[in-house]
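Enquirer: In case you want the letters, here they are:
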Amino acid sequence: MKRSLATPPGATRAEPEGFLVELDRFQGPLHLLLHLIRQQDIDIFDIPIHLITRQFLEAVEGIHAEDLDSAGEFLEMAATLVRIKAQMVLPRPLEEEDEDPRAELVRRLLEYEQIQEITSRLERSEAERARMRGKGYVEDRPRPSAQEVPLETTWEEVMEAAMGVSLPELMDREHRVTPRTVSMEEKAVLILNHLQGEDGVEFRHLLAPFADKMHGVMTFLAGLELSRRRRIHLRQAQPFHELWLYAREGEGIEEEARWEADLDPPSDIPTDSPDPDEDTLPDPDEDILEEQR
Amino acid sequence: MNAQQIVEAVLFASDAPLRADEIARADESLDEDMVEVALEELKAFYLESERAFGLVELAEGYQILTRPVFAGYLDRFDTVPRPSRLSGPALEALAIIAYRQPIGRLEVEYIRGVGSSGVIRTLQDRGMVEVVGRGEGLGRPLLYGTTGRFLEHFGFQSLEDLPRPEDLPVVLRDRSTAILPEDDEEDPGDPNQLELAAEGS
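The listed protein sequences correspond, in order, to chains A and B. Residues 69 to 361 (my numbering) are what the first sequence spells out, left to right. Residues 5 to 205 (my numbering) are what the second sequence spells out, left to right.
Hints should not be assumed to be uniformly reliable.
Beta-carbon label-pair distances, calculated as ranges [what the hints assert, rightly or not]: (1) B:82 x A:264: 49 to 55 Å; (2) A:223 x B:30: 26 to 32 Å; (3) A:196 x B:48: 20 to 26 Å; (4) B:74 x A:103: 52 to 58 Å; (5) B:35 x A:106: 54 to 60 Å; (6) B:32 x A:196: 36 to 42 Å; (7) B:81 x A:281: 49 to 55 Å; (8) A:280 x B:81: 36 to 42 Å; (9) B:51 x A:103: 29 to 35 Å; (10) A:171 x B:16: 19 to 25 Å; (11) A:108 x B:81: 32 to 38 Å; (12) B:142 x A:257: 37 to 43 Å; (13) A:305 x B:81: 47 to 53 Å; (14) A:280 x B:72: 43 to 49 Å.
These aren't lab readings, by the way, just hints derived from the structure by calculation. Quantities reported herein were computed from a predicted structural model and do not represent experimental measurements. Beta carbons are placed, not taken as given, at the ideal position from N, Cα and C, and that holds for glycine.
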């Protein structure tokens, strides 16, 4: 379990059988366990507990210490699995009423599987019901007032404007996919590269070569992400001052190689993480941007 | 003014399902049976005349709702209320509460394998579940059950409309929670204390 403290949450890692487990996808340990069992067509009434325990532990290794809220539940299940595994190995008295150590777990898994089935049926009912509409309260939206600016124009101007308008297409709902021109991975690598030679780097310095605003946004996001992953510190003397990025001491070099894989998806920054928010810094002198946990 | 018109007016203006006996309160000349008759007539009439809406039986009552085929047109209007959906975890907790009610938080958490106080609070805020009593266990934990709003949200007429356990691949365990009905209001400060007491066990 030692390594679980060093690797970030939601990390994807390959299992011996060659499929990926992303913990974020799972509602909880039972969900993950059921996934492992179903994915490999394992007979739920005869779970190879050593195999499942190993796979479960491997998947759980990715949990970050900061995530202890949800990690606790996974770790508890890991402990249960290890205990069952031990009970399986120990000789049992051959009395009939003695239950298979796995029995309770199997019951829970079956029950959970059924709840999942019910959940998906509820979801379908919900979607069906949502297609029938009744009256209801719709919140008032502010409408722009037309009276505030007196309109001064001539018919010629109106005519000219009207001729310049091309008729809009009929209301087509269209989903546009635009490529992200600047990637956060790229920026994370940029930050880390800068920090290899120096202790710290100014945020502004990282942006200097780029004109597009998107570079600033992605660099900032990469900074937050790196800070969340405890790779760097972010410091700022006081609100709206220059932001500094510092390398954290004692960081593992082995993590370097995993950057590409780990950074996706970039949107999983939890709202309650101790990420800095420069608008709400309480004390200018303190190193408030350091993570507390 | 005949009974059918009165029933229609009441349902037209209501934004939630109404039971026949509730509709009957609209006028002294009405009783529940008359309303039932009028409801059947209206339902058939809307269907025959191919109205875009129909009389739907919902949450043990009736409501006038547009027919599902029109959903796409309505989606283009901000002025038409759009039903909100529940999150995955909320649905999961709700499924457990619906089938095992009355049920306490700890039991929900045991079945899901994860902490559920936040998600239960969300369900309470959304009016999908409510406290229906107290268990006998340590600290007399709050027990939750589903509401009429729950039936409405999923288009069920009653809890009988839930998928039957025997139709599902696996049979649920017997419920084991004892319930003591509670007649006085719950004290908002109380649940937290109870939670703490239960967790300390």
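Enquirer: Could you tell me which of the hints above the structure violates, numbers in ascending order?
Expert: 2, 4, 7, 9, 10, 11 and 12
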